[in-house]
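Line by line, the protein sequences are chains A and B.
Residue 44 in our numbering sits at position 44 of the first sequence, and the numbers go up by one each step.
Residue 1072 in our numbering sits at position 72 of the second sequence, and the numbers go up by one each step.
Treat each hint with caution, since some may be false.
[Said to hold, decoys possible] Result set (DSS-like, lysine-lysine): computed pairs, CA atoms no more than 27 Å apart in a straight line:
#1 Lys99(A) x Lys1020(B)
#2 Lys67(A) x Lys56(A)
#3 Lys36(A) x Lys68(A)
#4 Lys70(A) x Lys99(A)
#5 Lys1066(B) x Lys99(A)
#6 Lys99(A) x Lys1055(B)
#7 Lys1064(B) x Lys1041(B)
#8 Lys36(A) x Lys70(A)
#9 Lys1064(B) x Lys99(A)
#10 Lys36(A) x Lys1041(B)
#11 Lys99(A) x Lys1041(B)
#12 Lys1020(B) x Lys1055(B)
#13 Lys36(A) x Lys67(A)
#14 Lys99(A) x Lys68(A)
#15 Lys56(A) x Lys70(A)
#16 Lys1041(B) x Lys1020(B)
#17 Lys70(A) x Lys1041(B)
#18 Lys1014(B) x Lys1066(B)
#19 Lys1014(B) x Lys1041(B)
#20 Lys1066(B) x Lys1041(B)
#21 Lys1066(B) x Lys1020(B)
[Claimed, not checked] To be clear about the criterion: a stretch of chain B counts as covered by chain A if any three or more of its residues have a C-beta under 8 Å from a C-beta of chain A, and this derived list gives those stretches:
#22 1041-1051
#23 1109-1116
In short, the hints are calculated from the structure, not lab data.
All C-beta atoms in this analysis are idealised placements derived from N, C-alpha and C, irrespective of residue type, glycine included.
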Amino acid sequence: GEDVEQSLFLSVREGDSSVINCTYTDSSSTYLYWYKQEPGAGLQLLTYIFSNMDMKQDQRLTVLLNKKDKHLSLRIADTQTGDSAIYFCAEFSRSNDYKLSFGAGTTVTVRA
Amino acid sequence: GAVVSQHPSRVICKSGTSVKIECRSLDFQATTMFWYRQFPKQSLMLMATSNEGSKATYEQGVEKDKFLINHASLTLSTLTVTSAHPEDSSFYICSARDFGHGTDTQYFGPGTRLTVL
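Start from the sequences and build out the full structure, keeping to the hints where you can.
Written out as structure tokens, the structure reads:
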């Protein structure tokens, strides 16, 4: 099966780092993604990581992948008010016919 | 990143009418597009996979005669909600798969808010 789980809420102070965690079950996952959704909008691809990588950094974003534990995290450095949104973790595996499996989304609230 | 557009962004219609939503990949060709539905404060629910030049593949529980999908070109897929009813009111989001040149990524459109009165 393809189960992706995330914590539902995260509150962080402006300027601090945010860490959003995600676990998945499909060991044949080839890509793992982080999407951001602002109110009333579609999903914006933030970053993705190949399953054979441990870490990927892109400006303020750092993705860590622990394939053994099937654990994915997204760290946002120097969190800003514009980072307030829902963040979705998603996995892609060919065993799922090229379909993405999404987590429930983590609502990140940045407080001043 | 790649850009996917949807039109219209918002539509209000009367019960019993049909509504067509367009999804376009603007700067890449997409042999595969996906249609999702999202309820308030929930994750995305995949409705169907749209393949260029062939019939769409619908997820279990999604009525193919109600949600007609056409993927006539490599940059356009349409979703028609036929004989819409208030329970069809939702946020519909499409995505387009960009595959090849070292990537396999879905890019999402901005969504269409459908309200059926």
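These are the hints, each one checked on the structure:
Taken as a hint, the Lys99(A) and Lys1020(B) pair is honoured in the structure, with Cα atoms around 23 Å apart against an allowance of 27 Å. Our distance criterion of 27 Å between C-alpha atoms is met by Lys67(A) and Lys56(A), whose separation comes to about 14 Å. Pair hint Lys36(A) plus Lys68(A) holds up; C-alpha atoms about 26 Å apart against a cutoff of 27 Å. Our distance criterion of 27 Å between C-alpha atoms is met by Lys70(A) and Lys99(A), whose separation comes to about 18 Å.
Distance check on the hinted pair: Lys1066(B) and Lys99(A) sit about 22 Å apart at the alpha-carbon level, within 27 Å; holds. For a cut-off of 27 Å, the pair hint linking Lys99(A) to Lys1055(B) stands: about 16 Å separates their Cα positions. Of the pairs offered as hints, the one joining Lys1064(B) and Lys1041(B) holds, with about 25 Å between alpha carbons and a cut-off of 27 Å not exceeded. For the hint linking Lys36(A) to Lys70(A), the alpha-carbon distance of about 21 Å falls within 27 Å, and the restraint holds.
For the hint pairing Lys1064(B) with Lys99(A), the CA-to-CA distance comes to about 18 Å; that is within 27 Å, so the pair holds. With a C-alpha separation of about 14 Å, the suggested pairing of Lys36(A) with Lys1041(B) holds against the 27 Å cut-off. With a C-alpha separation of about 21 Å, the suggested pair Lys99(A) and Lys1041(B) falls inside the 27 Å cut-off, and the hint holds. Between Lys1020(B) and Lys1055(B), the direct Cα distance comes to roughly 17 Å. Compliance with the 27 Å bound is thereby established for this hinted pair.
At roughly 23 Å between alpha-carbon atoms, Lys36(A) and Lys67(A) fall within 27 Å of each other, so this suggested pair holds. Restraint check: the Cα-Cα separation between Lys99(A) and Lys68(A) comes to about 22 Å, which is no more than 27 Å; the hinted pair holds. A threshold of 27 Å between alpha carbons decides the hint, and for Lys56(A) with Lys70(A) the separation of about 16 Å falls inside it, so the pair holds. For the hint pairing Lys1041(B) with Lys1020(B), the CA-to-CA distance comes to about 24 Å; that is within 27 Å, so the pair holds.
Restraint check: the Cα-Cα separation between Lys70(A) and Lys1041(B) comes to about 25 Å, which is no more than 27 Å; the hinted pair holds. Simply put, Lys1014(B) and Lys1066(B) have alpha-carbon atoms about 16 Å apart, close enough for the 27 Å limit, and the pair holds. Taking the CA atoms of Lys1014(B) and Lys1041(B), the gap is near 25 Å; set against the 27 Å cutoff, the hint holds. Note on Lys1066(B) and Lys1041(B): the hinted pairing holds, with a Cα-Cα distance of about 24 Å set against a maximum of 27 Å.
A distance of roughly 12 Å separates the Cα atoms of Lys1066(B) and Lys1020(B); the hinted pair therefore holds under the 27 Å criterion. With 5 residues having a beta carbon nearer than 8 Å to a beta carbon of chain A, the stretch 1041-1051 of chain B meets the requirement of three or more and the stated coverage holds. Coverage of the stretch 1109-1116 of chain B by chain A holds [criterion: at least 3 residues with CB-CB distance below 8 Å; count 4].
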